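The hints should help you fit chain X onto chain F, whose structure is shown.
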Amino acid sequence: DARVTQTPRHKVTEMGQEVTMRCQPILGHNTVFWYRQTMMQGLELLAYFRNRAPLDDSGMPKDRFSAEMPDATLATLKIQPSEPRDSAVYFCASGPPASTDTQYFGPGTRLTVL
Amino acid sequence: DQQVKQNSPSLSVQEGRISILNCDYTNSMFDYFLWYKKYPAEGPTFLISISSIKDKNEDGRFTVFLNKSAKHLSLHIVPSQPGDSAVYFCAASVNNAGNMLTFGGGTRLMVKP
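Residue numbers (my numbering), protein chains in the order written: chain F, 3 to 116; chain X, 49 to 161.
Among the hints, a few may not be true.
Distance windows between CB atoms, simulated [claimed, not checked]:
no. : chain 1 : residue 1 : chain 2 : residue 2 : range
1   : F       : 70        : X       : 142       : 23 to 31 Å
2   : X       : 87        : F       : 114       : 44 to 52 Å
3   : F       : 75        : X       : 107       : 30 to 38 Å
4   : X       : 57        : F       : 18        : 39 to 47 Å
5   : F       : 24        : X       : 66        : 40 to 48 Å
6   : X       : 57        : F       : 12        : 24 to 32 Å
7   : F       : 74        : X       : 93        : 21 to 29 Å
8   : F       : 19        : X       : 57        : 27 to 35 Å
9   : X       : 99        : F       : 11        : 29 to 37 Å
Worth flagging that the hints you see were computed from the coordinates, not collected in a lab. Note that the structure is a prediction, hence the values are computed from the model and not measured. Think of the CB as a built atom: it goes at the ideal place given N, C-alpha and C, for glycine as much as any other residue.
So that you can see chain F by itself, here it is in the shape it has in the complex (with noise of 0.2 Å):
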């Protein structure tokens, strides 16, 4: 049952601390997202890539915020430094190769910045 794995799954941390988020996209996918869902947004679309190329990351605030593929099978997240309104529970989704728009969800990371 193939899915998509995000690690950690929960992180609590202070104000001003480096984050990292890693999610693992399903084999053969060829499309990352991630997400970040607040109570007022919904979910934002933070950044996009294919073929571990960024294709869009306009909704990422780019003074703190970074995404990477450094490989097929890594993507991660960074927010550094830190801040409390970047608490929210972040998702990344896996798409197969373009004969879909059916995107599939990891569980997501619950960020609490203190």
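Relative to chain F, chain X alone:
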């Protein structure tokens, strides 16, 4: 400017009755629409989709209706079951946009036994 809107943040329905979740969009380029369901502490899971060449798609208890002229779609669940209680997200995409989706804010459905 939200291109996909779900104006009802929550909906409560009695078990066995019909649940109707609504979604409006503004971008006339959208031509593919999806519904995702999300349980607490889990990621959203794909539920049902519809292409703009259709006005209805049915899968068991779930039916999605699309009204292109009104830029409106709805998800009907009948009969509703307590296990359907979840947050439902509407999403839309432009064909050949490489899986990129625009999501609505979600509607929390509560089905009471």
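Cross-check of the supplied hints:
1. F:70 to X:142: 23 to 31 Å: 26 Å, holds
2. X:87 to F:114: 44 to 52 Å: At 21 Å between Cβs, range violated.
3. F:75 to X:107: 30 to 38 Å: 32 Å, holds
4. X:57 to F:18: 39 to 47 Å: 33 Å, violated
5. F:24 to X:66: 40 to 48 Å: 42 Å, holds
6. X:57 to F:12: 24 to 32 Å: Since the Cβ atoms of residue 57 of chain X and residue 12 of chain F sit about 25 Å apart, the hinted range of 24 to 32 Å holds.
7. F:74 to X:93: 21 to 29 Å: Holds, since residue 74 of chain F and residue 93 of chain X (Cβ atoms, about 23 Å apart) stay within the stated range.
8. F:19 to X:57: 27 to 35 Å: 33 Å, holds
9. X:99 to F:11: 29 to 37 Å: 35 Å, holds
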